[in-house]
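*Asks:* The primary structure of each chain is shown beneath.
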Amino acid sequence: MTTDGRLELTMRGIVKSFAGVAALRGVDFAVRGGEIHALLGANGAGKSTLMKILSGAYTADAGEIAIGGAALAIRTPRDAMDQGIACVYQEVDTALVPELTVTENVMLDRIVRGKGAVRWSELHREAERILEGIGAAGISVRRKADELSIAQKQLVLIARAAAQQAKVLIFDEPTAPLSLEEANRLFAVMRRLRDEGVACIFISHRLGEVFELCDRITVMRDGARVETVRAAETNPQRVIEAMLGKPFEEEFPKAQVEIGETLLEVRGIRRGTKVRGVDLTVRRGEIVAVAGLVGAGKTELSRLIAGADRADGGEIVLHGRRLSLSEPRDAIRAGIVLVPEERRKQGVLVEETVRTNLSLPSLRALSSPLGFIRAVQERRHAESIVAGLGIVPPRPQQQVKLLSGGNQQKVAVGKWLPTDADVYLFDEPTKGVDVGAKSDMFRLIGELAAQGKGIVYFSCELAEVLGIADRIVIMSYGRIVKELSRGEATQENILYYASAGEADRSATE
Amino acid sequence: MQPNNRRSFLDFSFKYGALLVIALVFVVFSIVNPVFLTYDNIADILRAISITMFVAIGVTLSQIVDGFDLSVGSTVSLTTVVTATLMVWYQQPLVVVIVVPLVIGVLIGLLNALLIVRVRIPDLLATLAVMYVIAGVHKTYTKGYSIYNNMQMTDGTKAPGKFLPDFLWIGQGKLLGVPIPVILMIVAVALVHIFLTYTRWGRQLYITGGNREAARLSGISVNRVRLAAYVLSGLFAAIGGILYAARIGSGQVDAGAGLLMEAVAAVFVGYSVFGAGKPNVIGTFFGAVLIGVLINGLTMLNLPYYAFDIVKGAVLVFALATTFVHLARRKT
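Which chain is which? The protein sequence lines are A and B, in order. So the first sequence is residues 1 to 509, counted in UniProt numbering. So the second sequence is residues 1 to 332, counted in UniProt numbering.
Chain A extracted, bound-state conformation (with noise of 0.2 Å):
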């Protein structure tokens, strides 16, 4: 506790890595009861892995979690609710149960635990009352949670939260899938949590909602802590400042390669609710960046670029000719290939080799016309791509689970290379690579745009997409809301039109 007797819970120290690439280096965070603590940093910054390990679904690899002083023990979802740490996730479809009533999922934890026979009408009274106290009156507690509203399902998730009597609330970007007059509504509802003592830790890409409704801000980047501030005492324009760190072009030079005839032209192409309607070109030596915030639609507009996805309407067209998708096959036929965020699940095969996962696209080449595969042909041919691309260690018959996550991104790349595609998309290619391998993958893509590839380059790292991209169009819910030029782009005004897909004032400059 607080001298003044509010709950105080700190983090410190907090370490943790994937696969060898460090999320967070010795994070100190803290939180008091009663006060809302906007928690930001650009996507990749760690925010989510910091929270995932305070509600227990990372263990940290070192540091300690204390409430008032005295250190939990977080392993589990389980402990960190016994500890009254409960979670709103974005995606309020996972934590509820959405065949079983409001009731029933508010109460879910008594349900579970409780002995005896259930008396219903008693907990249906008892969850009106706790919605009643959050200020959420207005859900029936009859009604199945699949029936709910997103923003019903939140409130129905703070509810349960409430029941468990929890004492650290944490919101993970719950106004994304929000109107404004919804998110209203979850702001007082916060606020009447706030005032009723509850630490409440708030994240989102929204700097207008933010500072509307939070009292002090954390800012993250690159795994560790930049700030902690009061929110009166600072401003969008420093917190965005904060968020990106240095600029990107010091680090990574741009080549200057000459742009040529239109290579691919995407018209109209459009898929459920995750690609409305896009239209994209990419011409010969040009690098194309697609720029956008997590959930923009981006992987969806890659995937059906690449025929990993069929689209709803809309055409593609290379060299000038209308592609009919059905299968990533036809794509890399037509010479489209795609490197796909999901690396480890997608874009190589773990378990195999570097020179099995090297030869798959060239399988028929490799192999004589009765299809036996030529030993020695393959080997050279893994060679040359592991010695071309400095893949470490050096040798083809390694797995590819144990390279790091740089060289096994290399590899998802090599493999097209001997393919002869014209047009290559990558979709986070920099996600969980260090920072030595990066600079790798930029000069690598830099070099396929020499040889005049059209490059498409899908990332929410604005940093990058500004020292890469020729031009860059912004990705908001599903649309491209505005092209930028290299020369026009700056990190602030792309991180204004990809947040600004909605009612957002803010990062005005």
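The set of hints was computed from the structure by calculation and includes no laboratory data. Heads up, a few of these hints could be off.
These stretches of chain A come out as covered by chain B in the derived footprint (C-beta under 8 Å, 3 or more residues) [stated by the list, open to error]: (1) 120-126; (2) 343-349; (3) 365-373.
Quantities reported herein were computed from a predicted structural model and do not represent experimental measurements. Every residue, glycine too, gets a C-beta built ideally from N, C-alpha and C.
Put chain B on the given structure of chain A with help from the hints.
*Replies:* Just chain B now, kept in the frame of chain A:
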């Protein structure tokens, strides 16, 4: 050091456990019964497992693409009686007698693939349903009777035909003292092994089974690969059915009923042989040998045949336990 010892012991038992068990069973039976290690008896064991092995090759192929084909046993039953009736009822020449069952096997494979790949029914459920449909078809077709030379028909007449001698030779003949089914089995194992290990199609089967989405994004037509696996599975089961008829000299109803479990057990024993860690045809062969040896030895010990399922079931449980303990360990 304690966990390390434990780890290396588990690794060792995974890699060589099945082979050690086979060796142990060999030693024990040859001590208990002097006839066990004679050439005739070994040839007997191999001939006994040859049909299981063809079915097990099919199961191996469906397992490689991360699927499962439960319908192989029923396919054996159907193709066995079809083979028999082609000779006994319809007096067809040898070519027809062999080609028609093979076509039936392919059609069953296509049906499985359609349900699994297109309609997207989970493999176990789809092939379970097909298994019952095929079982029903084969009993309806024979009206529940087994097929034998000049059998009595339901309308009182006698069936016109007999099993062809050339056909019986496939199941009962010998070449240089080696039973023909054993030769066929060894050739099949060798061909399938070469196909899986050295050709690009074999590579595509394993890659598709290893990570379907990554395979698809790399340009492999995973649906076509999976279809091929089920078609081959049906085809090999049909070969098993033909051999069954040729060996027995009649078309037994429900001939394939017991083969499914033997085949699955063989595949899972083989999963671990030499530490392959994936379905492979050489391993499957050793799995089939293990089952064949156990049954042969226990028969000599006068264990009643109805108790064999206990032994086979136990082998399957043991093989599954080894496989899944290993898989769970590899994940951590």
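*Asks:* It remains to establish, for every hint, whether it holds in the given structure.
*Replies:* Taking the hints in turn, this is what the structure says about them:
1. Counting residues of the segment 120-126 of chain A whose beta carbon lies closer than 8 Å to any beta carbon of chain B gives 0, which falls below the threshold of three, so the coverage claim is violated.
2. Counting residues of the segment 343-349 of chain A whose beta-carbon sits less than 8 Å from any beta-carbon of chain B gives 5, enough to reach three: the coverage restraint holds.
3. Coverage of the segment 365-373 of chain A by chain B holds [criterion: at least 3 residues with CB-CB distance below 8 Å; count 6].
The structure fails hint 1 only (numbered hints given earlier).
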